[in-house]
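Residue numbers (this note's numbering), protein chains in the order written: chain B, 1 to 248; chain E, 1 to 222.
Hints were generated in silico from the structure; no laboratory data involved. Here a beta-carbon is modelled for each residue, glycine too, at the ideal position from N, C-alpha and C. It cannot be assumed that every hint is accurate.
[Claimed, not checked] Below, in silico cross-link-like pairs of lysine-lysine (DSBU-like), each with a Cα-Cα straight-line distance of 30 Å or less: (1) E:219 to B:133; (2) B:29 to B:224; (3) E:47 to B:73; (4) E:214 to B:132; (5) B:187 to B:224; (6) B:81 to B:133; (7) B:133 to E:218; (8) B:72 to E:47; (9) E:219 to B:107; (10) B:222 to B:187; (11) B:237 to B:176; (12) E:47 to B:113.
[What the hints assert, rightly or not] Here's a subset of chain E near chain B, in silico, CB distances under 7 Å, partners left out: (13) 17; (14) 118; (15) 122; (16) 125; (17) 126; (18) 127; (19) 128; (20) 129; (21) 132; (22) 136; (23) 137; (24) 140; (25) 141.
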Amino acid sequence: MDEILQVKGITKRFDDIVVFENLNLTVKKGEVVVIVGPSGCGKSTFLRCLNALEDIQEGEITLDGESINRNKKDISRIREKIGMVFQSYDLFPHLTILQNITLAPVKVKKRPKAEAEKEALELLERVGLLSKKDNYPRQLSGGQKQRVAIVRALIMHPEILLFDEVTAALDPEMVKEVLDVVLSLAKEGRTMIIVTHEMQFARAAADRMIFIDGGRIVEEGKPKDFFENPKTERLQKFLQTFTYDDEK
Amino acid sequence: MGFDVLLKGNNMMRLLEGVGVALKISLISVVISIVLGVVIGVLLALKRPVITAVFRAYLEIVRIMPQMVLLFIVYFGTTKALGLNLSAEAASIIVFSFWGTAEMADLVRGALAGIPVIQYEGSVSLGMNTFQTYRYVIVPQIIRRMIPLSINLITRMIKTTSLVMMIGIVEVLKVGQQIIEANRKSSPDAAFGVFATVFLLYFLACWPISMLSKYLEKKWEN
Numbered sequence: 001m002d003e004i005l006q007v008k009g010i011t012k013r014f015d016d017i018v019v020f021e022n023l024n025l026t027v028k029k030g031e032v033v034v035i036v037g038p039s040g041c042g043k044s045t046f047l048r049c050l051n052a053l054e055d056i057q058e059g060e061i062t063l064d065g066e067s068i069n070r071n072k073k074d075i076s077r078i079r080e081k082i083g084m085v086f087q088s089y090d091l092f093p094h095l096t097i098l099q100n101i102t103l104a105p106v107k108v109k110k111r112p113k114a115e116a117e118k119e120a121l122e123l124l125e126r127v128g129l130l131s132k133k134d135n136y137p138r139q140l141s142g143g144q145k146q147r148v149a150i151v152r153a154l155i156m157h158p159e160i161l162l163f164d165e166v167t168a169a170l171d172p173e174m175v176k177e178v179l180d181v182v183l184s185l186a187k188e189g190r191t192m193i194i195v196t197h198e199m200q201f202a203r204a205a206a207d208r209m210i211f212i213d214g215g216r217i218v219e220e221g222k223p224k225d226f227f228e229n230p231k232t233e234r235l236q237k238f239l240q241t242f243t244y245d246d247e248k
Numbered sequence: 001m002g003f004d005v006l007l008k009g010n011n012m013m014r015l016l017e018g019v020g021v022a023l024k025i026s027l028i029s030v031v032i033s034i035v036l037g038v039v040i041g042v043l044l045a046l047k048r049p050v051i052t053a054v055f056r057a058y059l060e061i062v063r064i065m066p067q068m069v070l071l072f073i074v075y076f077g078t079t080k081a082l083g084l085n086l087s088a089e090a091a092s093i094i095v096f097s098f099w100g101t102a103e104m105a106d107l108v109r110g111a112l113a114g115i116p117v118i119q120y121e122g123s124v125s126l127g128m129n130t131f132q133t134y135r136y137v138i139v140p141q142i143i144r145r146m147i148p149l150s151i152n153l154i155t156r157m158i159k160t161t162s163l164v165m166m167i168g169i170v171e172v173l174k175v176g177q178q179i180i181e182a183n184r185k186s187s188p189d190a191a192f193g194v195f196a197t198v199f200l201l202y203f204l205a206c207w208p209i210s211m212l213s214k215y216l217e218k219k220w221e222n
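Construct the complete structure from the given sequences, taking the supplied hints into account.
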């Protein structure tokens with residue numbers, strides 16, 4: 001498989017605070033990488049750097065050999081190839097669901113409106129929200145909004161999808177409906193990097209697990225080894241925080 | 001009831017001309033206020049400490065000072081102090097624009113600050129450039145937030161033009177007074193009819209604007 005995304009020795013600092021230092025990551029086409037780690041470990045910031053929403057102080061990120069840099073003039077063109085779904089809902093409140101989805105393909109990719117709408121409706125049907133096409137975002141539940149946000153990213157035909165804790169702000173009963181969609185995308189061979197706190201989902205979706213702590217990649221590996229035989233003490237401790245002791 | 005005096009001579013016509021004067025002053029001021037207010041509001045959104053401090057002082061002055069005092073300062077004060085010979089109408093437009101710009105800039109600043117960062121990030125993540133982000137995502141949301149508040153400001157400005165008669169402008173309220181004075185003998189009870197008509201004319205000027213605001217609010221409820 002060919003390498004699509006390369007992250008070479010990147011460092012992110014906010015003034016004097018080092019968020020992460022000298023991080024390296026290579027993602028192959030069709031690979032699903034899931035990143036976990038304690039809150040504040042820098043995993044979300046790392047993901048945002050991949051889309052140049054944050055600048056980096058050292059190192060280089062390339063997608064298909066093209067450098068991703070916040071200050072590059074054609075950064076918009078590169079961002080078209082990177083789909084991103086955020087933790088907080090970012091649907092445009094003044095547009096209907098259908099308009100939310102077709103805005104970028106029509107205005108950015110200059111696709112004919114009818115064609116974009118046709119694809120939007122197909123994608124909406126796939127996530128079970130066809131009936132909501134003429135609703136406004138505020139009329140949808142959090143889980144429905146996130147599914148629309150996923151569709152909105154998909155219609156741009158991105159080469160890689162980034163998910164930044166997309167279920168963290170949801171009520172528990174809505175988590176599954178969103179993760180089911182993400183999981184089905186993982187199964188159809190899309191290239192994805194997922195930051196999440198949902199360990200069962202991570203295990204089901206991931207080709208490769210990465211544990212970030214203190215701004216460094218502490219451990220990585222296949223999901224089975226990662227969850228069943230964590231090598232480092234820090235990962236063991238981290239995974240324990242997600243399990244409950246029956247005997248208590 | 002005193003409505004009969006309005007039918008005498010061209011009294012009704014004069015009242016309407018008075019409304020015209022009031023509307024002219026307020027509409028010119030509104031346009032100036034919107035243009036300058038948007039520019040200053042955008043500058044304020046940059047959050048530069050000096051700009052913010054200067055604007056805060058300006059806004060406080062406008063809010064604390066009665067409009068009438070501002071009118072007197074600009075109309076009577078500048079003549080003596082600066083040797084300017086402003087017409088009463090120009091002085092009124094300066095004062096109303098000075099007031100409207102401050103309020104409008106604060107509305108624009110508030111609307112811009114109220115747009116979550118995620119709206120910008122979501123837009124650029126879809127490959128939109130800065131222009132597209134503002135054109136399709138940010139500005140439409142700002143306009144929707146601003147319409148009800150700015151319409152409120154516009155109707156307040158129209159109503160406050162009744163003050164300009166204090167510096168000698170013959171607007172609708174002044175015309176009304178003149179009609180009452182002139183007919184003191186023949187129709188001693190003209191005050192009610194004339195002022196009721198003035199009230200009605202203000203209502204007719206402001207009501208459609210209010211209705212437009214209600215309509216847009218409803219349309220953009222989503």
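Verification of the supplied hints:
Under the criterion of a C-alpha separation no larger than 30 Å, the hint pairing residue 219 (chain E) with residue 133 (chain B) is consistent with the structure, at around 18 Å. A hinted pair counts as satisfied when its Cα atoms are at most 30 Å apart, and residue 29 (chain B) with residue 224 (chain B) qualifies at roughly 21 Å. Note on residue 47 (chain E) and residue 73 (chain B): the hinted pairing holds, with a Cα-Cα distance of about 25 Å set against a maximum of 30 Å. With a C-alpha separation of about 27 Å, the suggested pairing of residue 214 (chain E) with residue 132 (chain B) holds against the 30 Å cut-off.
Note on residue 187 (chain B) and residue 224 (chain B): the hinted pairing holds, with a Cα-Cα distance of about 17 Å set against a maximum of 30 Å. Under the criterion of a C-alpha separation no larger than 30 Å, the hint pairing residue 81 (chain B) with residue 133 (chain B) is consistent with the structure, at around 25 Å. Simply put, residue 133 (chain B) and residue 218 (chain E) have alpha-carbon atoms about 20 Å apart, close enough for the 30 Å limit, and the pair holds. For the hint pairing residue 72 (chain B) with residue 47 (chain E), the CA-to-CA distance comes to about 25 Å; that is within 30 Å, so the pair holds.
Restraint check for residue 219 (chain E) and residue 107 (chain B): satisfied, since their Cα atoms lie roughly 24 Å apart, inside the 30 Å limit. The straight-line distance between the Cα atoms of residue 222 (chain B) and residue 187 (chain B) is roughly 16 Å, inside the 30 Å bound, and the hint therefore holds. The straight-line distance between the Cα atoms of residue 237 (chain B) and residue 176 (chain B) is roughly 26 Å, inside the 30 Å bound, and the hint therefore holds. About 39 Å separates the Cα atoms of residue 47 (chain E) and residue 113 (chain B), which puts this hinted pair outside 30 Å; it is violated.
At about 42 Å, the closest approach between the beta carbon of residue 17 (chain E) and any beta carbon in chain B exceeds 7 Å, and the interface hint on this residue is violated. With a cut of 7 Å, the hint placing residue 118 (chain E) at the interface with chain B holds, because the nearest CB-to-CB distance is about 4 Å. Among the interface hints, the one on residue 122 (chain E) holds; its C-beta lies about 3 Å from the nearest C-beta in chain B, closer than the 7 Å criterion. Against a cut-off of 7 Å between C-beta atoms, the interface hint on residue 125 (chain E) holds, since the closest Cβ of chain B lies about 4 Å away.
Interface restraint check: residue 126 (chain E) against chain B, minimum CB-CB distance 4 Å, threshold 7 Å, status holds. At its closest, the beta carbon of residue 127 (chain E) sits 3 Å from a beta carbon of chain B; the interface hint therefore holds under the 7 Å criterion. Using the Cβ-Cβ criterion of 7 Å, the hint placing residue 128 (chain E) at the interface with chain B is satisfied: the shortest such distance is roughly 6 Å. For residue 129 (chain E), the interface hint holds, since its Cβ comes within 7 Å of a Cβ in chain B; the closest pair sits about 5 Å apart.
At a threshold of 7 Å, the smallest CB-CB gap from residue 132 (chain E) to chain B is about 6 Å, leaving the interface hint in force. A cut of 7 Å between beta carbons decides the hint on residue 136 (chain E): the least distance to chain B is about 6 Å, and the hint holds. With a cut of 7 Å, the hint placing residue 137 (chain E) at the interface with chain B holds, because the nearest CB-to-CB distance is about 5 Å. Interface restraint check: residue 140 (chain E) against chain B, minimum CB-CB distance 5 Å, threshold 7 Å, status holds.
Interface restraint check: residue 141 (chain E) against chain B, minimum CB-CB distance 5 Å, threshold 7 Å, status holds.
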